[in-house]
Amino acid sequence: MDREAQRRLDGIRARRTELENSVIDEMLAGRVSRREFVRAGSVIGISLPVLGAILAACSSGPTTAPSTGGVKKGGRLNMGHQTPSGPMDPILTADLGRLTILGLAGEYLSFSDKDLKLRPVLAESWSPNSDGSAWTFKIRQGVKFNDGTPMTVDDVVATFNRLADPTLKGNNALSAFSGVLTKGNVTKVDSSTVKFQLDSPNGNFPYLVSSDNYNAIILPASYSGNWDKTFIGTGPWKMKSYSVNDSVSFDRNPNYWDTSNVPPLDGIDIKFYADEQAMILAFQAGSLNVLSFFSVRGGQTLLTDPNTTVQGISSTEHRQVHMRTDQPPFDNNLVRQALAYAIDRQAVITGLFNGKAQVANDHPIFKLYPSSDPSVSQRSLDINKAKGLMAQAGKAAGFNVTLYTEKVQEIPDLAALIQAAGKQIGITIELNITDSGTYYDKYWLNSPLGITDYGHRGVPNTFLKAPLLGDPKLGKWNAAHFNNPTYDTLVADYVKAIDLPSQKAVTGKIEQLLLDQTPLIIPYTYDALTAMKKNIKGIETTGMGHVNLTKAGITS
Amino acid sequence: MARFLVRRITLALVTLWLLSVIVFLASHALPGDVGRKILGPFADERAVASLDAALGVDKPLLVQYVTWMGGFLHADLGSSLSFHVPVAELLGRGLLNSVKLAAVAFVMVVPLGVLGGIVAALRRGGLADRLITIVGLSATVVPEFVSSIVLILVFSVTLKVLPISVQVPPDADPLTQIYHLILPALPLVLVLFGYIARITRSGVIEALDADYTRTAVLKGLPWRTVVVRHVLRNALMPTIAVVATQLGYLIGGLVIIEFMFNYQGLGRLLLTAAQQRDFPLLQAAVMLVGVVYLTATLVADISYSLINPRIRLGGAE
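Residue numbers (numbering that gives the first Met the number 0), protein chains in the order written: chain A, 0 to 555; chain B, 0 to 316.
Just so you know, the hints here were simulated from the structure itself, not pulled from any lab data. Hints should not be assumed to be uniformly reliable.
The calculated DSS-like cross-link candidates involving lysine-lysine, where the alpha carbons are at most 25 Å apart (straight line), are [to be verified]:
| id | chain 1 | residue 1 | chain 2 | residue 2 |
| --- | --- | --- | --- | --- |
| 1 | A | 355 | A | 441 |
| 2 | A | 441 | B | 159 |
| 3 | A | 386 | A | 441 |
| 4 | A | 532 | B | 159 |
| 5 | B | 58 | A | 168 |
| 6 | A | 355 | A | 182 |
| 7 | A | 194 | A | 182 |
| 8 | B | 58 | A | 533 |
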């Protein structure tokens with residue numbers, strides 16, 4: 000770095016807080032990559048221009064947005080999308096079918112992109128207090144809802160106090176805000192500032208108010224339900240027509256606040272599909288030119304189709320194979336490890352996903368998370384070791400057990416592969432595969448061995464808490480009945496760590512502990528795949544399932 | 000005739016009431032909680048409980064049945080639990096779409112099947128007979144999801160001559176709508192052609208062998224007159240009954256076809272409702288399909304009895 004750059008960097012650093020400077024130190028010392036730096040900096044509220052300036056001062060340019068070259072003005076997209084599984088209402092939303100639609104008409108304080116970086120949207124910037132127990136957000140001014148009324152700080156305050164309300168009918172955001180944010184603790188500081196006073200310090204809080212918490216689109220303070228009549232929001236698209244269970248059409252919102260980001264498209268026509276095969280056939284026949292999301296299992300033919308662009312991004316969507324740690328036969332961690340060592344992850348990924356998935360390591364701090372510890376070694380197939388562990392646990396003769404799971408996507412095939420893996424080390428696994436309603440009702444939290452589907456999260460907090468904490472109030476999805484006080488303490492330390500170095504100091508220990516205990520086998524995370532015709536460009540997707548179409552268009 | 004009608008309609012109403020009890024109990028026997036279904040497995044229990052209470056699905060079964068039946072008798076079908084819209088609105092749209100598809104399929108398959116059956120019977124044992132019988136039988140046993148995919152791949156993806164039935168604007172002119180319905184109707188034609196042709200064939204053969212036909216031939220009537228006036232009139236009675244009962248299936252039972260073509264008919268609505276534990280929608284949809292079936296059978300009985308007075312007399316005894 001030359002002296003001029005050093006001088007500029009010093010100038011920037013003088014205006015940063017201590018916390019922000021610690022992130023800059025990490026990068027200068029080479030302990031975090033440039034990508035991790037941008038992501039970590041964005042969480043604690045360093046704005047993108049400043050991040051860019053810091054990177055520039057470190058003799059390289061700022062990160063650039065993906066090119067959308069050659070898109071013409073006008074035209075509409077015909078997009079096939081999964082059928083919403085309930086009423087279109089931000090508060091009740093719990094599925095991909097709805098959250099993608101919410102994100103077209105509505106907006107969040109920030110947008111969590113495919114690299115898990117937060118991009119300011121309705122908030123211009125944010126910062127924590129010294130211990131991360133309170134966060135303040137600067138709210139963008141001059142934004143209007145699509146009915147013409149201005150969006151104010153009061154709307155933001157009302158939106159979050161509503162989502163933190165445990166008495167609100169069907170409030171789906173409770174799973175994110177329970178124990179984190181209490182109703183009434185979101186307050187207006189001034190006409191452009193909101194303060195969130197948290198129940199306890201939380202270093203990843205900005206994610207809970209970003210697009211990662213899809214319930215949290217900013218709604219008017221007066222909102223009282225019936226979103227499906229109005230599609231009220233501040234987003235770039237305005238609902239034109241909506242036919243329940245069938246289709247929804249959007250036009251460009253003429254009053255969109257971000258005049259530098261006016262979408263080239265005139266609108267989007269979305270058709271809902273209950274059957275993926277039907278959706279893929281309609282795409283191949285040309286009735287649709289975009290498929291928001293599709294699975295490798297249903298869309299093999301699209302991967303090799305010369306007329307289709309398949310856009311894949313890593314996500315943290317995964318499957319958890321739980322083993323009940325509190326009763327035989329899986330009450331011995333050596334037995335649990337044995338089963339984990341008997342699984343050929345690479346073969347599973349090739350066989351079930353055509354390679355469109357990433358190997359995972361039986362803990363939820365996936366490599367995609369900047370806080371993961373790369374020094375923890377990856378577990379891989381080792382039948383001899385697995386047999387040795389079985390013998391060491393006194394189970395060399397093997398045993399019988401039933402694996403319970405749901406008929407969802409590739410899960411039955413994964414179950415069969417686990418059955419085959421078990422056979423190699425003497426575990427006879429019987430499969431009980433039901434529809435997902437039955438599985439969640441009867442077997443999920445009550446089975447010796449099972450497989451559960453988990454969606455994407457921008458930070459590992461939820462994965463670390465609900466499926467693994469010993470306290471039944473916190474570990475509500477703890478199918479493994481895992482109860483380990485050391486683990487619980489480590490997770491508490493992780494949650495309150497507000498900068499990357501202090502998060503990383505804990506994650507290695509958590510990963511190691513989960514490998515040793517193996518309450519869960521997590522064989523892979525899989526990619527989110529989007530298909531579009533060759534003449535469609537500029538679609539931005541996220542692992543969570545948002546589809547940003549502000550830059551999308553048809554090439555001439 | 001009036002007594003016959005009254006009897007049949009009373010019987011139909013009793014059947015419908017029984018259906019309502021069965022469907023109510025069966026749908027409530029489905030595993031899974033409504034609020035949980037709407038909010039997903041990972042939602043907070045407090046959220047699920049509050050939603051269940053608001054929807055009224057936590058009340059005793061009898062209370063729920065009486066509330067539902069009461070509304071039903073006042074033509075109030077309630078509101079869909081999962082979509083927050085009146086059930087009547089969803090069902091109306093579904094029924095209209097189903098009737099359209101059924102009509103197109105009906106118009107295509109009935110003349111074809113009847114004609115095929117007559118030709119086969121008149122050429123009994125010949126090449127045409129074997130061809131019609133074998134092709135018809137083979138087409139019937141191919142499941143709809145197989146024939147649908149093959150037809151889509153051939154006509155829509157490769158040849159691009161017929162559209163997959165998405166995005167037909169509801170206000171499009173009738174010809175465009177029919178054009179969009181040809182492809183989804185084709186698998187139905189395949190399923191039903193062999194059936195209708197077979198029934199017609201055996202009816203015609205029976206009539207050809209009957210005494211009255213021999214008499215007509217012997218008294219010197221031209222062959223054409225014998226076939227049209229004497230054979231077909233008697234031969235088509237079983238066909239009418241079969242076609243009428245198939246109407247119920249065409250309108251209310253096309254779950255697979257509607258999924259494959261993403262068509263918003265009653266079948267798809269039924270399955271969605273069952274998956275979502277959307278009781279008001281599910282129950283009303285089953286009742287509607289029940290009404291369709293009963294009406295179709297009633298129409299068949301009446302037309303049958305008009306052609307064949309023996310039935311009518313039997314009913315009035």
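These are the hints, each one checked on the structure:
1. A/355 x A/441: Since the Cα atoms of residue 355 of chain A and residue 441 of chain A sit roughly 32 Å apart, the hinted pair is violated (cutoff 25 Å).
2. A/441 x B/159: violated, 47 Å
3. A/386 x A/441: Since the Cα atoms of residue 386 of chain A and residue 441 of chain A sit roughly 32 Å apart, the hinted pair is violated (cutoff 25 Å).
4. A/532 x B/159: holds, 16 Å
5. B/58 x A/168: Given that 25 Å is the threshold and the Cα spacing comes to 17 Å, the pair holds.
6. A/355 x A/182: Between residue 355 of chain A and residue 182 of chain A the Cα gap is close to 41 Å, so the pair fails against 25 Å, i.e. violated.
7. A/194 x A/182: Holds, at about 13 Å.
8. B/58 x A/533: violated, 54 Å
The earlier numbered hints that this structure contradicts are 1, 2, 3, 6 and 8.
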